[in-house]
Amino acid sequence: MPTLRLHYYALLREQAGRSSETVDTTAATPAALYSELAARHGFRLPAAQLRVAVNAAFSDWDRPLADGDEVVFIPPVAGG
Amino acid sequence: MNTFEFTHAPIDAAALAEPLACDAAGGFASFEGRVRNHHAGRPVTGLEYEAFEALGVTEGERIVAEAKSRHGALAARCVHRLGRLGIGEVAVWVGVAAPHRAEAFAACRAIIDEVKHRVPIWKKEHYAEGASGWVNCEHPGPVHAAPAFDYSRQRALPEVGAEGQARLGAARVLVVGAGGLGCAVLTSLAGAGVGALTIVDHDTVQPSNLHRQPLYTASDTGRPKAEAAAVRLNDYNPTLRIRAVTQRFDAECASALVAEADVVVDCTDNFASKFLVNDAAVRAGVPAVLASVYQYEGQLQVVRPDRGGSCLRCQWPEATRDGLVGNCEQAGVLGPVPAVLGQLQAMEVLKIILGLPGQLQDELLLVDLLACGQRRLAAPRNPGCRDVCVRIESVPVQSTPDDLDVDLPLAAAAAAGYRVVDIREPMECKFEPLPLSGQQSLPLGRLLDGGLRVEPDRRYLLVCAHGVRSRAAAEFLRARGHANVWSLRGGLAAQGG
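Protein chains in written order, with the numbering used here: chain L, 1 to 80; chain H, 1 to 497.
One chain only, chain H, in its complex shape (with noise of 0.2 Å):
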């Protein structure tokens, strides 16, 4: 029996509660969380759930096993729907067997409180007069009457627009920290409206970190971050998709998570973070922000293995390591040095989602708050760096052809002629499959290793989620000969129903 799991098809209560059955029990206390038919005032037809199944199977299984080990409770298990459902239908349910009923009710509203809170699931509420909306499963959406968040100052910018606006909408981010900068560059791409942001970090909130984090307060004391950090934006601006992973970010969830983000933030306060996310980084072709501070002062370096850029890697020998120098905690941060830091980050961020100029690359910014000086330095791609980011070569960026992008739906680009290639990681295939048969699929690592075998008299178009990875991967095809390659504009995310 999986202590918790997701499923598709309907929840059978009496037959999940069967194996839960046991002699010693004198309580048995279930849940069942159903679709109900408004939300916030607003009539609702139906639901569909969404999670990120392989760490919300995870986390999901730890809840379980912290509330049996809490309150005493013999068994226990939680069930999770995914998928469209109507009014009416169980969502989730939990079940506890335990020795008095105390244990049963307590573990159970245990189980089914931190599911709510700490476990990646979303829905979408279909709404009567025909609009639908992803809300937090926890903190829901806004209130109907609520006035939208207004973006319009940003819009104002002729760089912007509302071109760039939805751009930012459609971006997703993925924020590996939520500490000192952690806090600035996510409050700051909150506050643009980057549509989708997720947050990783495995640690708790603690009364030192209050100084330099103000998404934090004193009583979100021994709250894991990430979730803290995720209930604040979502207050700040509830028109994004914000996901909280309570997870250290390591080599086993590094690349699923980069694989599903267009910018990687490294926030992180130790070397062999930073490694992980610019390997990760490179090796989906994802472009990463990375930061770090000292005291006073902080470095910023853009990474874009996406146009052939130098990587952390190509900075740092394979020999540094943590304990060289000291981190916050043994060195002493002045509050702003963080912020500052996180929001030149955040500035890189907006830069390359909107296509800004002035965009870092193969360079090393050096920030030094007591001097006011800032100085760049040039730090171009290391020969010598050949386990990471020698294997995406330099893609001339200047010559990027103008007919790159193929701006079609899908089916009818397959009917048109072309071979559909989706470079998409296997995990997010499965998350969300191409509404299309026949197509190949090829996940980006390996079309860079030379894994697509390009035949003259076709065509090819290649797909990714918003189209940023399939147009480096495009271009990187291009520069190799091959003027039979395209990219799908903005991905599938702008495929639209």
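Chain L extracted, bound-state conformation (with noise of 0.2 Å):
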């Protein structure tokens, strides 16, 4: 099963209550990962409003994840 490391920012990072975590999961897209998290932590945003970054570019959300792969999911934020 592949082995990813995410990282969450924002609004992700407290509901998921730690800033990054290494998973194992048979996810194949991000979008497929996010839901699963979500079912997971709790998060109520929908993907739609967030972006996924993969290995340090954002990324779409139907692209293949490969084992090693960095995830990174970024809320919007405003705060000034």
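These aren't lab readings, by the way, just hints derived from the structure by calculation.
The beta carbon of each residue, even a glycine, is placed where N, CA and C say it ideally should be.
Any given hint might turn out to be false.
Said to hold, decoys possible - Covered, in the sense of this in silico footprint (three residues per stretch, anywhere, with C-beta under 8 Å from a C-beta of chain L), are these stretches of chain H: (1) 173-181; (2) 296-302; (3) 357-371; (4) 376-385; (5) 458-466.
Two chains, each in its own frame: build the complex with the hints.
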């Protein structure tokens, strides 16, 4: 099973209660991964309102994920 | 009768007072501000007034209306001179008719005090010994004997030097939002000697702001932030032109304010404003440095429409709405977080002005101050970002030809056969007309839309305020095969006299 390194920011960090974690998953895309995590951590933001970055570059939600990928979920933030 | 106006003609007090006459008025008070022959111990020979007219009139009318209603006046008006004035001339006139003398005096006093505080007017004093200097009307420039603001520690950097310091002094930066981010940005830019700072914020200081907004004190509570910040920064570095705009940054004022800036800094706390800043900057081809904070972390993005870079809309969908994620009020924030992000913004601004290496572009920088971590994510142009940023297509920066700039007095350039094209916004042209006739006026946005017909057998010289936009526009046209287009180096600001 592929192992991924995940990083959370802002609201997702709060809801997950951690800023990063390593998971073993069969999720093939960031979209599938986010659904899995939303169920586990109770994420309430819809994926359409987030951006995902894979290996330090913004990415589409349907790109394939591979073992060792680093995935970052970024909610929009507006405080000033 | 306009309740507030600017005039270039001498003030005729009797004529101005006439429409204020009213049978119910038992009192009439007027005030005349006149040009005096000295300032801070230096003999003065004359004055020159400039104003940001559109905003000035709006703010002036608001002041007169407030004073009328607060003090129960029946009629009131204020007129401010612009342009060159000699000693003894009336620079500003206020007249108030009220039922009794107390209301008339009070309203008259309130109007002149508030006009001096809030209306964006600057005066340039001409000293008897020949020098001249711009001073903010309310907070006059440095006392002659005070030691000058010393930039030697930053000038010592080989990348800065005297030339870099001069560039900073000629730069104009618009800071939208004077909260946690804005306080940090403004302090650093004022310290670095950025010559003209414009602060836009419609909010007033609240006690809950103070822990992260050290430009303000508890006694500023209730005062417009833009104004309080301008006063504090003017005390800190009195050599700058600092302008406070106490107004919501909306679509109406955005393009005019952005067009007058070399760099825009977004320090707002909501998406609606961030998109406004982004869009106005992209349309004007002006770099914008955006940041947001959330609790212990922040995001930083530099939008470079002048280099064909990605924009905020490339990263976030139109549907990104406020209320989705908390702001500082709802989610809480630790003071150093906006301070750190604001300082990072200031650093990017200085990198742009000074042409330093390492400028962020097409990236999102995530900063997590709990984990002491930074992460740079590649954030390229989104081909689906049609509404805004596609219209300014990518210009390969590396291929910038060395002969893009023309360093000539405008009149000499025109005499040498260059067709001069003023690419500034209409408002800027009105504020500071080109010292030349026969030029073509074509705002940058229209030029980028293909509004300039380039004839192959002519030479074109693009002109803006500081040579930044004109250079980007010339690069843009060169990239389209027009080799006969140049940019006036340093823009109008470098024309001297």
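The hints, checked one at a time:
1. With 4 residues bearing a CB less than 8 Å from a CB of chain L, the region 173-181 of chain H meets the requirement of three and the coverage assertion stands.
2. With 3 residues carrying a beta carbon less than 8 Å from a beta carbon of chain L, the region 296-302 of chain H meets the three-residue requirement, and the given coverage holds.
3. Counting residues of the region 357-371 of chain H whose CB lies closer than 8 Å to any CB of chain L gives 5, which reaches the minimum of 3, so the coverage claim holds.
4. Counting residues of the region 376-385 of chain H whose CB lies closer than 8 Å to any CB of chain L gives 5, which reaches the minimum of 3, so the coverage claim holds.
5. By the rule of at least three residues with a Cβ nearer than 8 Å to a Cβ of chain L, the coverage given for the region 458-466 of chain H is violated, with 0 such residues.
Hint check: a violation occurs at hint 5 only; the rest are consistent with the structure.
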